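Line by line, the protein sequences are chains A and B. Just so it is clear: in the first sequence, position 196 is 196 by our numbering, and no numbers are missing. With the second sequence counted from 1, adding 295 to any position gets you our numbering.
Source of the hints: derived by calculation from the structure; they are not laboratory data. What you are looking at is a predicted structure, and each value in this text was computed from that prediction instead of being measured. The C-beta atom is built at its ideal place from N, Cα and C for all residues, glycine as well. Hints may contain errors.
To be verified - Cβ-Cβ distance ranges computed for the label pairs, FRET-style:
# : chain 1 : residue 1 : chain 2 : residue 2 : range
1 : A       : VAL293    : B       : VAL302    : 48 to 56 Å
2 : A       : GLN16     : B       : THR482    : 23 to 31 Å
3 : A       : GLY189    : B       : GLY472    : 35 to 43 Å
4 : B       : PRO499    : A       : SER113    : 44 to 52 Å
Said to hold, decoys possible - If we take Cβ atoms under 7 Å as the criterion, some of the chain B residues that face chain A in the derived model are:
# : residue
5 : LEU370
6 : ALA439
7 : GLU473
8 : LEU475
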Amino acid sequence: MRGVGRGMDRLPRPAQAGGPVVGTVLALGSWAAVAHNSGSGWVQALGALLAGFLLVGLSTPALAVRRVRVEVVEAPSDATAGGPVAVLVRTSGAVEVRPLVPGGEGVVVGRRSPRTVAVVPPRHCELRELKVRVASAAPFGLLWWHRDLVLPLPRPVLVAPRLGAPDHAVLAEIRRSEAASGRVPARVGEPRGVREYRPGDLRHWVHWPATAHSGIMMVREMEGPVARPATVRARLPGDVEAAERALEQVFGTVGHLLARGRQVLLVTTEPEGERTDQVRGVQDAGRRLARAVAA
Amino acid sequence: MRLLDRVRRANQPGPPEESVLFRVSATATVAVAVLACWAQGELAAWVTVGSIALLVVGNLFSYRRRANPPPGLKLILAVAVSGAFVWFFVSVSDRTTIGDLAAVEGPLAVLFTWIQVTHSFDVPSRRDLGFSLAGSVTLMAVAAAQAVDTTFGLYVVVWAAFGLAGLSAMWSSMAGGEPLRLRSVATSSAAVLAVGLGLVWLLPAPRPSSRVVFPSSIAGDMPLSSPGGLVGGGSNGSEPLRAGSPSGPDRVGGLLGFAGPLNTAIRGSLGNEVVLRVRADRPSFWLAETFNAWSGRSWTQSNPKGRVPFHELTFGPPFSVPVPSDEPTGGTPDIQTFYLARAGANLIYHAADATQVWFPANRLYVSDDGTMRTGTTMGSGSVYTVESTVDTATPDELRHAAPESSFGGRLPAATLAADTQLPHPYPRVKALAQRITTRSTNTYDKVSALEGWIGAHTEYTTDIPPLAPGQDTVTEFLFGNRRGYCEQISTALSVMLRSLGIPTREATGYVPGSFNPITDLYEVQAKDAHAWVQVWFPGHGWQSFDPTAVVPLANPTPAGALTHDLSGALRQVPVVPVVAVVGVVGATLLFWRRRRRAPRTWAAGITRELERAARRGGVTVGPQDSLVTVAAALDRRWASHDPPVPGALDLAWPAERAAYGAGEPSIDERRALTRSARRLRREARRLRRVVPAAPPTAPGGQAGTGRARQPRLSARDSSHEAPAASRGR
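Same shape as in the complex, but just chain A:
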């Protein structure tokens, strides 16, 4: 489904109109004075034509902006805060589309083909709509008029927080709790130490430095993950920036754990309420955190 932008401003507004309007008034005023005093009808007729150019050039962009239809035809499903999100925008006429919320660089979109507009969400969010400023100076480029529109996105963009440094306190806590619960010896997993060789051990388990050091064939001893996944809680403070930093840290922590093959149970507060779910990967974690709100 594509959403056509709905207007926030009822009427378009001129941008930096002082110069062009004052210039036009002065030009036409002085022209009228010259035409009147020269007594030449052609000067007056030419002035009328010039006035036509100026008035049409100054006012028509308002109509163009008022009538233009803007829609987002494509948007990614995932993004990261602070990174560009490329949305494909289509318009019914040539206008400049400048993202306001989230911000971004203005792009002139022609009527023939959609163009990519890059928006940069500063924080995590579930982006359902864009607020853009649509501006035009058609047909003569004399004065820009603009109007703010809200463009619904064809699908929500889940903006994950930046991947921050893992919270070592949380990691330590997890390790403590896991140590308490014990780990399961396993043939594969994380190395937990070395032990003497036993028949049946694989050749590539041999730990040569320890063997050399002790003079006894030593092999790596592995331990598997605990049966209970690590639980990470995303608790967001009220302050927006602090919440963002906290989320970045949570994301870093989750990423750290996932990179080590750990199962992670992420506890977040979403608009619908608290959610506790195991995350299947970094992308999934990012999506979960994108929807996280302060409790």
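Mind docking chain B on chain A? Use the hints.
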């Protein structure tokens, strides 16, 4: 420091402009403006050609070096422009007087052209090209200040077209190379034109200001062999103005009416060519000569013994025209500027009583009756300005003018005798005039009564035979065929008034001509030559009466003139052919539209008919509803109708089956289905009234056929799908 930064920032070169169309349009706009100045005589031909060549070279250079303009170029160009300004001020101070705008315009055109030429070497960015476009406006303004005819419109149209293309290309470039849309450009052009015409319509016509020196120039001037004499043409200063060709008196070879005598016996035809243009505050008769001696066939200006026929005015310009002692002073000042489009008589035209004349010569000649002549021939392109005083007496004021008995006290006896002179008593004319004016108690009413009688009993035509030898013009006109043109009509009125003892004189000149709302000039054609009557009113002087056209002159406004021209043009439109063409074009368009919209297959036709029937029957059709769903809803809608309505589903199923390749009915079946669908559509509105009202039915609401399982068969869908099925069989 902040200001310095701002200045520096403002002067930073913008990004190089890549649009070739914008660059070409801007160059062409400036070139057309330069050509317009040349056409108005403000630039020499070699300057024009050189400037345009340099403009092209400069713009090519700028385009090639747009990304890296040569360092120091701006400095060189600034020096060149400064030099041009110095040249301009030196030339202007040498040749002009304060307020003489006309003398400034030539150097101004050269200066503006030079600025454009130098600027063309440094137009790398969009802003620079925009300046070129704006600069062309000043050049056009300088040219427009000198333009007096509509041929300048050609330059304006071409200039505006290039300007429009340039501005549109500028926006296109701003919009990242968005291609120009013909529709958008056409709409913009129409809007600009509409606003321009609207302003021309609404704004009052410009009037010359008294704070500037009035335009005057002389062209094709040659000294006359007889100072104060009357000559025509301008080709030969010694050739006297003649009223008839050497081949005979029945054809006009010279300038009709503007000769020593006004011979009413000869006939001629006048052309449509514009002979002069007049800028004036109000329309008037442009007076050339007056005559007071009537011979029965010709008018001449009497020259009483001992009086100098012409006074020589030597102090000017401006020349102050002496007011005759018998003329009342005062009145509304009126300024007229005459632009001669053709070589003409060496007469100075004017409205009412001239008081001052701006004419670039050493002397002028003025007769007692106010007729003015120049000392040189008057070629095409001569310009002069006259200030007149117009006595704007109302009819009531003229009615209450002093009685006729006091004429003697107001006009000198010799003048009174000359202005009431008749070659013979005209008893029948006098009896007729007395009979017509029996109930009139004052001069004005008598004039009006005689004008009314002439208007009611005579016919205007230029197709009258030459006056036979020995015949009297007035007698023949009033008691003969009663047909004639301005000379016969005005002479008849003049003689009738003189027979009543009222002083009159015959005046010749031009009627105001047609008012051009663009140039704000009255364009006077040769056929506008006219003769009318001037009647003496004590206290008001000579008042003009035109018995040929008793309808008073209206003071035209641009809006009025445009309306008049438009209505005139509309009247010229041949109604029947135009209606026929419009009808044929309309029918063709209608046929084409119907054909374009016609369903391509019978299934699509049935779909359309059912959808229309649904709309008329009050069934809401959603975008996801299939045809069968809609048909089911229609059947439910009319289920209670007695007798039963043909089932819409019976129509929808075959159409859907055919569209999706499940079977194609025979031709007869298809026709029958189509007929039924049309009947259903026609009856839908009636059924909506007949069947008890129900809330609008949604097709999918209770339909047995689920909307998900039934793909919607729209007219467009079926047109794509059904043909394959139908063609396959």
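Here is what the structure says about each hint:
1. Look at VAL293 (chain A) against VAL302 (chain B): about 51 Å separates their beta carbons, and that is inside 48 to 56 Å.
2. The beta-carbon spacing between GLN16 (chain A) and THR482 (chain B), approximately 25 Å, falls within the hinted interval of 23 to 31 Å.
3. One distance hint, 35 to 43 Å for the beta-carbon pair GLY189 (chain A) and GLY472 (chain B), is violated here, with the actual separation near 60 Å.
4. Distance hint check: the CB atoms of PRO499 (chain B) and SER113 (chain A) are about 50 Å apart, consistent with the given range 44 to 52 Å.
5. The criterion of a C-beta within 7 Å of any C-beta in chain A is not met by LEU370 (chain B), whose closest approach is roughly 28 Å, and the hint is violated.
6. The criterion of a C-beta within 7 Å of any C-beta in chain A is met by ALA439 (chain B), whose closest approach is roughly 4 Å, and the hint holds.
7. Using the Cβ-Cβ criterion of 7 Å, the hint placing GLU473 (chain B) at the interface with chain A is satisfied: the shortest such distance is roughly 4 Å.
8. With its C-beta approaching chain A no nearer than about 9 Å, LEU475 (chain B) sits outside the 7 Å limit, and its interface hint is violated.
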